[in-house]
Amino acid sequence: MENEIVKNILIIVLELDPNISMEEVDSDNIALWDSMRMLSIVAALENEFGLFIDASDAVNLTSYNNIIKFLENHPEME
Amino acid sequence: MSLSFLEASKIVAADNELGTESFVLATSGQTEKLEVFIKAASIQRGFNSDYKILPYNTLQQYVASPSFIETHHVFVLFPWDVIPEGDWRSGVTLREINEKEISLGVNNFIGKLKQFSSRSVLYVPASMLPLTCNLGISHFFELHVQGALLKEGAEVLSADFFSLSSYLSYGSPFSGKYLSQISDAIVACVPGQHPMPKKILVTDFDNVMWRGVVGEDGADDIQCSNEGAGYIHFIYQSYLLKLKSEGALIAGVTRNDFDVAVLPFRQGNTLFKERDFVSLLASYNSKSAQIQALSHNLNITLDSIIFVDDNPLEIEEVTRALPAVECLMFPEKNEDAPAFFLHLQQRFNFSRMTDEDKQRTELYKTRFKATEVSSASGADLSGYLQSLDMTLKVIKCDASNYKRALQLINKTNQFNLNGIKISEEQFLKEVNSGMMLYSYALTDKFGDHGQICSIIVSDAGVISHFAMSCRVFQRKIEYMVLLLLAESLCVEKFIFLFNKTEKNMPFQLFIGESEVAVGEEGVMLDIRLFVNANQAVSGLFNVEVVGEK
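Sequences listed follow chains A and B, in order.
All residue numbers for the first sequence refer to our numbering, where the first residue is 67 and numbers rise by one.
All residue numbers for the second sequence refer to our numbering, where the first residue is 792 and numbers rise by one.
Keep in mind the hints are simulated off the structure, nothing from the lab.
Keep in mind that the hints are not guaranteed to be accurate.
To be verified - BS3-like cross-link-like pairs, simulated, lysine-lysine; straight-line CA separation at most 27 Å:
(1) B:Lys1033 / B:Lys1202
(2) A:Lys73 / B:Lys968
(3) A:Lys73 / B:Lys801
(4) B:Lys1149 / B:Lys1212
(5) B:Lys1202 / B:Lys1184
(6) B:Lys942 / B:Lys990
(7) B:Lys968 / B:Lys1035
(8) A:Lys135 / B:Lys1033
(9) B:Lys1267 / B:Lys1212
Claimed, not checked - These stretches of chain B come out as covered by chain A in the derived footprint (C-beta under 8 Å, 3 or more residues):
(10) 950-957
(11) 967-975
Backbone N, C-alpha and C define an ideal beta-carbon position, used for all residues, glycine too.
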């Protein structure tokens, strides 16, 4: 379920093709993935999952896989 | 309605042909993460938002030297916008701060706000940085800012809307958890979106103006004094008096005989008097029909009415029939009262009062005509009744469990077949001669209502006593109990030993609505016709039979 939410957030914020393979979604590969979009991604994740993401954690959320790993390890996620 | 990011995005992505409203969102922090939520909230309210934002951390400069002064401004303020020394991002100042300086600063800021002729102010009462090493004085400064803004008409939002972590990390003071709620508050400030203050409060009587049911308990036993169970009703009446003195109109609407309904006022039992009402309607017509008539007669639009009742069925009926009327449940527990009164204050939020306001009730009374209330039955509640998950427990009473059932017959006046009391001795004699006492208890999703209906009937279908508590009117229980009796007795007709009394109008109406024939034996109800006409009622109830059927 979380995977689907993260996928949809990235598709919306980064204006991605819905059929894109999420393995390829990385700030290095996606031209639109700048600091402003990063802020929007973080805000969307906070809102959808009801948690706060510190700036020191946010800098590492640079790919779909990193975001999933972060959520899996977040203490506020059941 | 609170939206998630994905829900808001979906709303924004969908095409619409709505008009556009423009405003300036004036706040000191970063607002980017609000954007999709503001747009979605606007669309939900029927327009697209086109708003300008200020560059980050320029609010102070902006209010000193504004642009777009003719455009509506929605200010979202934090304490440090008014007292910059309280800004977390600056760290604690070593400079000594005194009260005079704070007052000057607050007045100065508010003075600058007044240059914006069209403005709304939202205030998030977040904690400030400590301004002094004296806890009391620091706290006083926070309250001083809030009080000054409130006096200028600011709406105070929840302190939870502020996130210190987000503010320090990103310069955005808005908590990610509440972006939807914050955006709703902003969008609600756009001109044309703010709900108009209400003009008239329409109040129910039983268990709202007083504790108790005047038709059952009598005027002497209802409670609305400043002690005991009646205390909250005393407070409510005193608030209605205050509302009336400041220009609101108060009307009463109750399902009752008029003479019974006004008894507590005429006996001097109440703080709020009969003369304080602009109109008082008591009938057995639906409340929506009564409110509709009131609206027409006083020439007041339905959206300027707020209706207060303790019965969720009445609330539901009015909501369905008159969606423009705002309906509010009277608090069941005293702990819920502050939120209830706060809601009323928000709806009757008068900024100024004139002599005409103080006399408004009398002015309306002088042009008040007799109100004709339509006999329309009100909104169809079948769907709502279905959702109540009602269970009717049928108890065939015997010598061990008849007392409550008998008490109901002797205490109930309104839905009562004939008003004839029956003593225990008489009852036991009747049981010996073959009469049966059935008691019915109701539970639903709101809880256990206890025993609410009693019937004494012979195996030939002669009903000598039939009483039902007024607390459970409109639920079709009277129909259901007769359907159940019909099933168990296997007779062709019921014979009601009916008698019209001064107080049993609800039963008279029930008889009037049913296909009855009046004969020598009594009022007769053809069971086959009755069952055919009311079969759908069975679907509203789960039935449990206790003991012998």
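27 Å Cα cutoff - pair A:Lys135, B:Lys1033:
violated (59 Å)
For a C-alpha distance cap of 27 Å, please report whether B:Lys1202 and B:Lys1184 respect it.
Distance of about 21 Å is within 27 Å: holds.
Does the alpha-carbon distance linking B:Lys1267 and B:Lys1212 stay inside the 27 Å limit?
holds (24 Å)
Are three or more residues of the region 967-975 of chain B within 8 Å, CB to CB, of chain A?
The restraint on the region 967-975 of chain B holds, since 4 of its residues have a Cβ under 8 Å from chain A and three suffice.
For a C-alpha distance cap of 27 Å, please report whether B:Lys968 and B:Lys1035 respect it.
Violated. B:Lys968 to B:Lys1035 sits at ~40 Å, over the 27 Å cutoff.
Within 8 Å of chain A's CB atoms, at least three CB atoms from the region 950-957 of chain B: coverage verdict:
holds (count 3)
Against the 27 Å threshold, does the CA-CA distance of B:Lys942 and B:Lys990 hold or violate the hint?
holds (22 Å)
Has the given pair, B:Lys1149 with B:Lys1212, been kept, meaning a C-alpha gap of at most 27 Å?
Roughly 49 Å between the alpha carbons, so the hint for B:Lys1149 and B:Lys1212 is violated.
Does B:Lys968 lie within 27 Å of A:Lys73 when you go C-alpha to C-alpha?
holds (20 Å)
Does B:Lys1202 lie within 27 Å of B:Lys1033 when you go C-alpha to C-alpha?
violated (36 Å)
Is A:Lys73 close enough to B:Lys801, meaning Cα to Cα at most 27 Å?
Holds: A:Lys73 and B:Lys801 sit about 14 Å apart, inside 27 Å.
When the structure is compared with the earlier hints, violations turn up for hints 1, 4, 7, 8 and for no others.
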